[in-house]
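A.B. asks: Let the sequences and hints guide you as you build the complete structure.
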Amino acid sequence: MAVAQTERPGLSRFVLPIAGLIGLAVCVAGVLVLYDPHGGPNLLASIYEALGNISGATDLRNGSGDQVVAKLLLAAIALLVGVGGIWLLFICVGGLVSLLPPKWRDRILPWVFAGPALVLLAVFLVYPAAGTILRSFQDDHGQWTLANFAVMTQPDFTQILRNNAIWLIVGTGGSVTLGLIFAGLFDRVRRESLAKTLVFLPLAISLVGASVIWGFVYAWQPAGEPQIGLLNAVVVGLGGQPIPWLSTSPINVFCEIIIMIWLQTGFAMVVFSAAIKGVSSEVLEAARLDGASERQLFVRVIVPMIRGSIITVSTTIAIVTLKIFDIVYVTTGGRFDDDVVANRMFHEVFQFFNDGRGAALATLLFVAVLPVMYINLRNFKRQQGEG
Amino acid sequence: MTAPAKAVDTPKAGVSAWRPGFIRSVPLRLSVFFICFLWTLPTLGLLVTSVRDPKNITTSGWWTALLHPFEANQWTLSNYQTVLASGGMGDAFINSLIVTIPSVAIPITIAAFAAYAFAWIPFRGRGILFTIVVALLVVPIQMSLIPILQIYSAGNLYGSFLGIWLAHTGFGLPLAIFLLYNFISQLPRDLFESASIDGATHLQTFTRIVLPLSIPALGAIAIFQFLWVWNDLLVALVFLGPGADVRVLPTALFQLIGSRGGSWHLLTAGAFITMVVPLVVFLLLQRAFVRGITAGSVKS
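If you read the protein sequences in the order shown, they are chains A and B. Residue numbers for the first sequence follow our numbering, beginning at 1 and rising by one. Residue numbers for the second sequence follow our numbering, beginning at 1001 and rising by one.
Any given hint could turn out to be false.
Far from chain B by the CB rule (all over 12 angstroms, computed), these chain A residues [as the list claims (entries may be wrong)]:
(1) Thr-58
(2) Pro-155
(3) Glu-192
(4) Ile-251
(5) Val-330
These stretches of chain B come out as covered by chain A in the derived footprint (C-beta under 8 angstroms, 3 or more residues) [what the hints assert, rightly or not]:
(6) 1106-1115
(7) 1119-1130
(8) 1227-1238
The set of hints was computed from the structure by calculation and includes no laboratory data. These numbers were taken from a predicted model, which means no experiment stands behind them. C-beta atoms are modelled at their ideal positions from N, C-alpha and C, and glycine is treated no differently.
C.D. replies: The following block contains the structure:
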């Protein structure tokens, strides 16, 4: 194997770690520039001064001048530090550890590889999650209380919980059902991939962008004025009265869920389509010989056979709908009896500065995903057992 | 059944057994066409509106413009000029690039090293630590917002690019580690045994064998993370905030909705600006993306 030939003895073993250390120093300097709120403009100003462009430098330090150039400089440093720096860190520390006696090397090396990830996971997920759970049981003075959860029984909160349940059931059910139907249909026509791309494409669109797209579909003008929203134009064209879709409860909840279904159906369809292609032809032929219609074949044979994929997709979409924030926040802000947990949590924390209630709402979401966590862990253990 | 006969029955790669030759039924084709039409219509409306003269937008539906598409004076790019310059979408676009690129590159690099360790370096606590990673896959981001914001406020990281790179790195890691682990742990054991016999260190095995072989998986995860970061509103709102010097495209678009809610000529152009990069990336790399999704989902 080629790897063995590149292993050189002697001094060259030290070249890599030392070059790495120099690179690391550069990266630390880069991080300092990035950490400084005015790091980009200041650095560019220093460069301008060195080049003799004093007025340009002064402009930059005063917050005007070539701010875009300064920003691009910052981006270049970020990329250098972000990508190059991480690599240097691993290679240089890995190189240093390789110099240790084998016994120590084998003990330390895995932590060099996995360490940065574990530290980040601890700082950004494990510690905050524990903190949020504790905070949800405390009042603003740190006293233990259940008050943050007790308010959940009040009418405006029960409505939020009801809306979230509707999102969960209709959003997940709609995406999965449509995904299944589309996968079954599209597989049987020419230009399958074009059709799939068109349905799959919304997955690339942000929830904010999708909210604008659908906000325009749902646009409402008073009766008598020209309807520029597609849906109300159809309603009026059929002789009805225009409906302010997004401010009419409870229709608005379903209108918002449709945005989510529009985005997620493509994901479900693609996974199901791949799973259907894996169903063996023998089973299908046997069922056909037994006189099953194509529809029976799909519902009674194919759907049960791709059950695993259906469960995976359902749990994935269920988690997305459970945490839904952007669509509600952008379309109505939850003002028209269409509020959901994640949106209310955002408002509690960042508008009302009610951290305890926000933490309780987050904890509620956490409890709601626990069954999925259990399923994932069970599947993982089973997989490990097989492997 | 004997082996050769089975081989004859087995469908060719990519051809479904569910599809017994193309069915030429008109209702089926019509319904597929109708679905595609329905799914594309909202985006089409956005695109058409974004290039229409603002004064037409509020007086007639966008579909009426398609009835006489060759009247050149109804089309304009001025909406884009307005929204890029005075709407601040131009600056936001640059900020989005600055936020996204490191937020994709950093977590994937860190996850690749970690996934290799979890898959091929035995160490104490490996099983329980990886179980924790699997558990973290579904923990809602909402659980992290309040404590992390407190840390950021204390450490002057709120509103800084550094802060949001770190946040996206932390939040993106569980999925990246999990998917890469699934891929790397499936590589043939012989590969690692012969490398080890040849005296290769783990670092060499990783960089020269595992990484080149993992490029498809790395690509798929990069697309995931790119779409997630580029399209994210919540993390950007909480950790970067609405300041014009740092705000990203989703934040800018949201603010545009707040300030110019009825100005569909600006909203549609702004929305399209936020969408164009992910759409291009998505269309170019769709196959890699689909491979990533299905590899993660179909197996179980």
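A.B. asks: Take the hints in turn and mark each one as holding or not.
C.D. replies: Verification of the hints:
no.	hint	result
1	Thr-58	holds (19 angstroms)
2	Pro-155	holds (23 angstroms)
3	Glu-192	violated (9 angstroms)
4	Ile-251	holds (17 angstroms)
5	Val-330	violated (6 angstroms)
6	1106-1115	holds (count 6)
7	1119-1130	holds (count 5)
8	1227-1238	holds (count 8)
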